[in-house]
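Chemist: Chains L and A supply the protein sequences, listed in that same order. Under our numbering, think of the first position of the first sequence as 1, with each following residue one higher. Under our numbering, think of the first position of the second sequence as 1, with each following residue one higher.
You may find that some hints are simply not true.
[Stated by the list, open to error] To be clear about the criterion: a stretch of chain L counts as covered by chain A if any three or more of its residues have a C-beta under 8 Å from a C-beta of chain A, and this derived list gives those stretches:
hint, region
1, 31–44
2, 47–60
3, 64–78
4, 91–98
Just so you know, the hints here were simulated from the structure itself, not pulled from any lab data. On a predicted model such as this, the values are computed, not experimentally measured, just so you know. Heads up, the beta-carbon is just placed ideally off N, CA and C, and yes, glycines get one too.
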Amino acid sequence: MLNIEKTIDASELTITLAGRLDTTTAPELEKQLNAALDGITALTFDMAALEYISSAGLRVLLSAQKIMNRQGKMKVLHVNETILEIFEVTGFTDILTIE
Amino acid sequence: MEQTIISLNGRIDSNNAPKVEQEIFARLAGQEAGPVVLDAENLEYISSAGLRVILRLKKTHPDLSIVHVNSEVYEILDMTGFTEMMTVEKAYRVVSVEGCEEIGRGANGTIYRIDQDNVVKVYNNADALSDIQHEREVAKLALVLGIPTAISYDVVRVGASYGSVFELLNARSFSKILATEPEKMDWCVTEYVRMLKTIHGTLVPEGKLPDMKQTALDWARFLQAHLPEGPGRKLLAMVEAIPHDDHMIHGDYHTKNLELQNDEVLLIDMDTLSVGHPIFELAYMYNAFQGFSEMDHEIIKAFQGFDYETGAAFWRKSLAAYLGTNNQRKIREVEDKARILGYARMIRRSIRRHMTDTEAGRAEVAHWTEELLDLLERYDTLLFQPNELELEAVTENLEEVQSFVEDHLEASDCALKARTQIGVAVEEIFVNIANYAYHPQKGNATVRVEVSEKPVCVTITFLDHGVPYDPLAKDDPDVTLSAQERDIGGLGIFMTKQLMDDVAYTYKDGQNILTLKKNL
Numbered sequence: 001m002l003n004i005e006k007t008i009d010a011s012e013l014t015i016t017l018a019g020r021l022d023t024t025t026a027p028e029l030e031k032q033l034n035a036a037l038d039g040i041t042a043l044t045f046d047m048a049a050l051e052y053i054s055s056a057g058l059r060v061l062l063s064a065q066k067i068m069n070r071q072g073k074m075k076v077l078h079v080n081e082t083i084l085e086i087f088e089v090t091g092f093t094d095i096l097t098i099e
Numbered sequence: 001m002e003q004t005i006i007s008l009n010g011r012i013d014s015n016n017a018p019k020v021e022q023e024i025f026a027r028l029a030g031q032e033a034g035p036v037v038l039d040a041e042n043l044e045y046i047s048s049a050g051l052r053v054i055l056r057l058k059k060t061h062p063d064l065s066i067v068h069v070n071s072e073v074y075e076i077l078d079m080t081g082f083t084e085m086m087t088v089e090k091a092y093r094v095v096s097v098e099g100c101e102e103i104g105r106g107a108n109g110t111i112y113r114i115d116q117d118n119v120v121k122v123y124n125n126a127d128a129l130s131d132i133q134h135e136r137e138v139a140k141l142a143l144v145l146g147i148p149t150a151i152s153y154d155v156v157r158v159g160a161s162y163g164s165v166f167e168l169l170n171a172r173s174f175s176k177i178l179a180t181e182p183e184k185m186d187w188c189v190t191e192y193v194r195m196l197k198t199i200h201g202t203l204v205p206e207g208k209l210p211d212m213k214q215t216a217l218d219w220a221r222f223l224q225a226h227l228p229e230g231p232g233r234k235l236l237a238m239v240e241a242i243p244h245d246d247h248m249i250h251g252d253y254h255t256k257n258l259e260l261q262n263d264e265v266l267l268i269d270m271d272t273l274s275v276g277h278p279i280f281e282l283a284y285m286y287n288a289f290q291g292f293s294e295m296d297h298e299i300i301k302a303f304q305g306f307d308y309e310t311g312a313a314f315w316r317k318s319l320a321a322y323l324g325t326n327n328q329r330k331i332r333e334v335e336d337k338a339r340i341l342g343y344a345r346m347i348r349r350s351i352r353r354h355m356t357d358t359e360a361g362r363a364e365v366a367h368w369t370e371e372l373l374d375l376l377e378r379y380d381t382l383l384f385q386p387n388e389l390e391l392e393a394v395t396e397n398l399e400e401v402q403s404f405v406e407d408h409l410e411a412s413d414c415a416l417k418a419r420t421q422i423g424v425a426v427e428e429i430f431v432n433i434a435n436y437a438y439h440p441q442k443g444n445a446t447v448r449v450e451v452s453e454k455p456v457c458v459t460i461t462f463l464d465h466g467v468p469y470d471p472l473a474k475d476d477p478d479v480t481l482s483a484q485e486r487d488i489g490g491l492g493i494f495m496t497k498q499l500m501d502d503v504a505y506t507y508k509d510g511q512n513i514l515t516l517k518k519n520l
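This is chain A alone, in the form it adopts within the complex (with noise of 0.2 Å):
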């Protein structure tokens, strides 16, 4: 059946409400009841006489739609339910954004500074009505679930392409304070890093966002064909291990989705927005400040607006402010591991895009695979744990294990004199462990420091590969003997029994278990 399209014009009010009304049934007069559009594009006010008139028509004809509204007529249509009752569409306001200042960049579209108070992101393909949607939706989901971000208001046109329009005051990205003012370096790692801590905290309820580990999946799948047979199936077990987690991560974290409102930190740009373990998070942290701009600095110039060397420090300044320490062992192990999975990304990428078509995206292409492969031979698992540190078991390697304990208790509210007898305690467990468990030879330790809240206690536990041994079997040394009737030594494990509040020993799995609890 055909569609009859009648055109509103002007004001509709009780004037002129019973005439229009008039013209339309003469319009349709002698038709069967198809579908009617009417084309509001001239249509400026419509008052509930005017109204009455859509509702007649509605009886006789139900297929009825109304498109091209103004954001004005639309309001009336919103708030009276006829959005609920038939088919509006909205007419778009189009928009310039030639000359207007670039403020920000993701994957799917760049956001522009349209005037004083509002910008718009413009997406990158031209059918984005339901990109637009779709970030829409999960922005007032992020807002419900406690993530600042701003939502948009409107869908404009812009060029081809659609835009979605923001309320954004004197707001001011992470990139370009930044690139103007490096003094504030760690306060933007200190509020870039909470930001990140309040995102990866957020449960998602189930279904309600994509899962970051399908799309890894992918890149690995792809990379089946690209890497040698072995290494691209460890690969993809490696990413298949990583277990299911409902915890929010944004898929697009770099500085320039971070914007300073006033005094507010808000999160923008959240069409990535998915469920998945941080290890995703941080591979495409590692590729937006290292990874894209490896072989050429200048590409995060083009970028953030800051330099590689700002880039570099400000990435690992706040993977050190996420995984809490400063241990640079433990630092290099999670970028190396998001590095493997930022790799695959960045290398399925640049084939699925041609890059390699040229002499410079070979090369680029060819470097990250050699990487890749370097590190998918030293790592078994994209897993990691921020309070677990695996060092050999050297009294060399002493000072490093008592600080990245430190860093854990810094964290909590303890007292100098606690933090100092866990040192001790520390001290003669692993120096223990240095001198006895793989004498003559060398093996690894793992420290692993847990800190809870109620009670407030910290929980350090020993491991090591080496001889069975259990030092708490010994017998404590008579501490009423004088100097001279004392032996030097075996003061150790005696001391670590009274500071602590509960020594432990298991043997476990091939594994020397040693627990330290000490209530704060």
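This is chain L alone, in the form it adopts within the complex (with noise of 0.2 Å):
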């Protein structure tokens, strides 16, 4: 189960994620965030529900990444410790801006 949360100020999204970003609920935030990035320079996702993270849902954060490579900026906030030790085994701690 993944709740997604989005609030838009301008071109600043802020994605509020809370459950599980895993094989099942990846699908879903892709496709959110495919319709919600255009025109976006500023995107922040909001990791303090996030309880767990799989390779599909890292997969997702990669694209995001690369897209807001090109159009803007984009960090990552109060990660949990687990999913945080996830990003470093992976090299998502030297992608990823995270706060």
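Put the two chains together into one complex, using the hints given.
Modeler: As structure tokens, this is what we get:
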């Protein structure tokens, strides 16, 4: 189960994720991102309530990062310890801006 | 040689012992030293002076027995070793169970409360002394092996049969608790399953208890004439394939045979105690809570005091707790295997007891037979692995696989972080199998979870019959590349390797076998 909440402020988009970002839920996030990223220059993921991420979730984050590299900036907030370790072993700590 | 019966009356002590001795030897004078029976029905007390008379009599008449001995006199004879020297038969106290509360019922007898502290188990057959002896012995054995149970301290006459008396203070059966306090269902399940696991974890010295497999083989052999040839033979082969197991099974484990005495849970009705594979026990349990009442839901009410729905819920919850998973597929599989043996037993029982003489009896046997034939078509073994789940390898089943693994990790003291990491690894491997193993067809995968204690380590094994493929052979992605340079994908297996302590692959017997290990 993944809860996706979007807040748009002009060209700034904040996505608050709660639950699990996995094989089952990642396609929905990808779909919503594709529909929302036009004209966005600042993308923020708030992961305070995200409990779990698998490679399917990482793929969505990577493609979002690739898009934002072209049109603005992207950052990730409030990552829990378990997810941070997954970012570390996969080199995502170097790719993402984690605050 | 004819036996001489001599009655002993009242008290025999130093006052009258010489006189009693005189009388006895006068009776026997002039006779050969044939068998002598002392009838102690009216003997109230015997002192050491009296015992010496019996000793002297034993010397001249070695074939000496004492019958109808009341319990006080029996105690004296027992303490002084007389019960070892000669045959001493107790007089049985007569007990009436008229108007007594029935608190338990088993295959061979019914248990009544005769007063506040005592219960009596009345045996169904009139010639029950050897059964009583058997139950006493197995109850003693169980107690010594660590099963909390009650051992009878007296044998009594009840009508035309015998009963054994137990001390059972303020005790209530689990059936009664379930019937009167439904909110205690979960507590009952926990205690019931705890006891079940204790029983099944008890190793019985060889030859001490009957082997339940032999009984089940009788069922299967009996059914050869009832079932079509193919399914009949299959049933027999399935029972034959159950390996010998020296662990204890109760053999009639339902909620009337579990008593709460103060705060202690006691197992009673021990006469069916056996050894064997747990599937035999589950078959009896299924019958008690479901099988016997499948057609007529009133039966369980009469027997257990609670309704069919309560019985079904209790059985399902207990099976889940026993297997350590809430996975419905797993629970159904084990239930189905228990049903195979359960139906075999009930069909045989009904036919042998001529219950098929009635329309209702025939309908019941027809129903059980139909169910049994369906099950025999769907299953090839009666064995089960609580920690193994076989299902279709499709991503829709990922959640089920993950919660199955979680159920087994919950039982161990696995930290949340390690649990999440194991979850990720399980997802990566299962999704990999779902996407590639059988593509474009579909097939099954098996997931096995093992938790070892020393050192604390989780091993998860995935098996599939898809195309041979070693996911570990692929090069690891370069995780130092920038976002722009990186491929989307290829991370799953790499993450799995990083998060687990060991990942191994082999191809054996037409199966891909992938093993994950995580030290906790």
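Chemist: If a hint holds in the structure, say so; if it does not, say that too.
Modeler: Hints versus structure:
no.	hint	result
1	31–44	violated (count 0)
2	47–60	holds (count 8)
3	64–78	holds (count 3)
4	91–98	holds (count 3)
Of the hints listed earlier, the one the structure fails to meet is number 1.
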